[in-house]
Amino acid sequence: MSASIAGKIPETLADVWRCLSCGGDAEGDGAGGPIACRSCGASYPVRDGIVVARDEASDNNEVARAFYDGPLWPKFRFWEWFTFVNLGGERRARSKVLRHLPEGDDLALLDVAIGDGVYLPWLPARWSVVGVDVSEVQLRACRGRSGDRALSLVLGQAEELPVRDGRFDAALSIGAFNYFNDPERALREMARAVRPGGTIVVSDEVPDLTDYLPFRRMGMPGVERWVVSRMMNLGDDFAAMVERHRKLDVEGIARGVLPGCRFERIWRGMGYVFSGRVPG
2 MSASIAGKIP ETLADVWRCL SCGGDAEGDG AGGPIACRSC GASYPVRDGI VVARDEASDN
62 NEVARAFYDG PLWPKFRFWE WFTFVNLGGE RRARSKVLRH LPEGDDLALL DVAIGDGVYL
122 PWLPARWSVV GVDVSEVQLR ACRGRSGDRA LSLVLGQAEE LPVRDGRFDA ALSIGAFNYF
182 NDPERALREM ARAVRPGGTI VVSDEVPDLT DYLPFRRMGM PGVERWVVSR MMNLGDDFAA
242 MVERHRKLDV EGIARGVLPG CRFERIWRGM GYVFSGRVPG
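Numbered per the numbering used here, the sequence shown spans residues 2 to 281.
Treat the hints with care, since some could be wrong.
Claimed, not checked - In silico DSS-like links for lysine-lysine, alpha-carbon gap of 30 Å or less:
| hint | residue 1 | residue 2 |
| --- | --- | --- |
| 1 | 76 | 248 |
| 2 | 76 | 97 |
| 3 | 97 | 248 |
Unchecked claim - If you anchor each label on the Cβ, the simulated ranges turn out as follows:
| hint | residue 1 | residue 2 | range |
| --- | --- | --- | --- |
| 4 | 280 | 176 | 19 to 27 Å |
| 5 | 257 | 100 | 18 to 26 Å |
| 6 | 90 | 281 | 36 to 44 Å |
Read the hints as simulated data drawn from the structure, not as lab findings.
Every residue, glycine too, gets a C-beta built ideally from N, C-alpha and C.
Start from the sequences, fold in the hints, and give me the full structure.
Written out as structure tokens, the structure reads:
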């Protein structure tokens, strides 16, 4: 359920939408009017070229939304830039993830937590992309990176994707998986949306990344929390969320949903990527 940059759903994406209320098929031309469910009549408005599947978030997703829509995200950008510089540049670092996507000229990609879509220009121009994110600010920034590709953007949560079963060739998620409200449910939603045999690629920082800071090993976790919250500008709520999920078993979740998936550490051990094919 989304509008493209041109204000009209691209033909290649016209039959992918699913109602969050009843699970029925939804449709609409995306030219500014709402998209409606054929079964229950639920309506999803289009706002500034973005379909609003969920106008609010909850729990961890709300923490992330408040961070990216608020004043802390621009302040944190320095640390993101600094990290990529030390990894040889942003494009080189992200290529460690994007190289796991399948090849082909005409591919339908579902991007969960698309953010500002910085890597969209690096994907083949004929790929169609549906991007979902909890941050409207990030989605607005993403619109400017569409070029001529078929791009549809949705404000919503990873645990309830407004797309029909098996309509995508691949799904991608970079930099959000650890802190979804329910990472396993989100991964199962991606697997539902991708056709059997299609590819899912997920990457994020390792959940215990803050353990690399010296303060925890020195018995001063309070100092570590201050560094993450104040010095790095993640804020108290985000820092607390990071702490809660330090022991998240990402590899266990990945192998439970995508048997036989490949899991590896990247970014000098500071991140991970797993990729696998949808069963069936």
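> When the hints from earlier in the document are held up against this structure, which numbers fail?
Replying inline: No numbers; nothing is violated.
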